[in-house]
Amino acid sequence: MNKDRLNMLRKIMELECSCIDLNLYLDMYPTDQNALMQYNTQAFQLMELKKQYGCMYGPLSNFGDAQSQYPFRWIEDPWPWEIEY
Amino acid sequence: MWIYEKKIQYPVKISCKDPRMAQYVMTQLGGPDGELSAALTYLNQRYKMPTQKAKALLTDIGTEELAHVEMIQTMIVKLTKDASIEEIKEADMGPYYAIRDTAVYPADSTGNPWTASYISSTGDPVADLYNDMAAEKKAKAVYENLLKLTDDPLLKDSLKFLLEREIVHFKRFGEALRNVEEYNKSKKIH
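So the protein lines, in turn, are chains A and B.
Residues in the first sequence are numbered from 57 upward in steps of one, following the numbering used here.
Residues in the second sequence are numbered from 30 upward in steps of one, following the numbering used here.
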């Protein structure tokens, strides 16, 4: 996997990890406005980055969650366990 | 409904193959305190949770545990990749290899296959949340043991990430427990 692609994927991973952590916190503190603002900001960045990544390297998710170019790029290697991070 | 994301939650890297360590790590896939046990415990318990917060938390932590299952599976794949028969034998992985090569399989580090008796779902939300806090503590203890069993700084980094997540989950489950206990108290008063 080339460096630019890996960097983009790593950025997506970082943002999503942060969103997961904020999500679990918000499950318990749903009225924390500051945390919710952070969550919404990062969720927006994450969605944009995933869209961009999907256009360049194929969709990150399936079942209608993201569109694909022709031919169906979902099946393309590498899968997560095949990547040298 | 679950949707798969073609990405791992946190990078799994190793410095060199190590089939022996693969067998040790396997316990976090198919052992009693492993990620599969955790995921299935929370995702079965959630149906009896009485509050919005607890229903959401068990769904979300259960889902995150499934991502951790994938991380452990990836560790096993990478630690055994291109291992020769000599290396397999040297790592005492022969008995495992005889049954299933180096395929990923949910067993503990001594080879016992995963069983549903590892999971707990009592129908009592308070009992379940106490169980979940203990489960996170036990999983943390296993990661501490695994960290002592390897010198590989790259593998340690991934194991430390998983250990940190156990700490966060423990804290959130404690908050959910208080939330459910308050709910139960308010129900008695009214």
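What the hints contain is simulated information worked out from the structure, not anything from laboratory work.
Beta carbons are placed, not taken as given, at the ideal position from N, Cα and C, and that holds for glycine.
Please note: incorrect hints may appear among the correct ones.
Said to hold, decoys possible - Just the calculated beta-carbon pair ranges, DEER-fashion:
1) B:Gln-81 to A:Leu-62: 36 to 42 Å
2) A:Gln-125 to B:Lys-214: 54 to 60 Å
3) A:Glu-138 to B:Lys-216: 49 to 55 Å
4) B:Thr-88 to A:Gln-125: 31 to 37 Å
5) A:Asp-88 to B:Asp-180: 39 to 45 Å
Checked hints:
1. A beta carbon spacing of about 39 Å between B:Gln-81 and A:Leu-62 agrees with the range 36 to 42 Å that was offered as a hint.
2. The hinted window of 54 to 60 Å between A:Gln-125 and B:Lys-214 holds, with their beta carbons roughly 56 Å apart.
3. Between A:Glu-138 and B:Lys-216 the beta carbons are some 51 Å apart, a value that agrees with the proposed interval 49 to 55 Å.
4. Between B:Thr-88 and A:Gln-125 the CB atoms are about 33 Å apart, so this pair conforms to the stated range of 31 to 37 Å.
5. Hint check: A:Asp-88 to B:Asp-180, Cβ distance near 41 Å, so the stated range 39 to 45 Å holds.
In terms of the numbered hints stated before, the structure departs from none.
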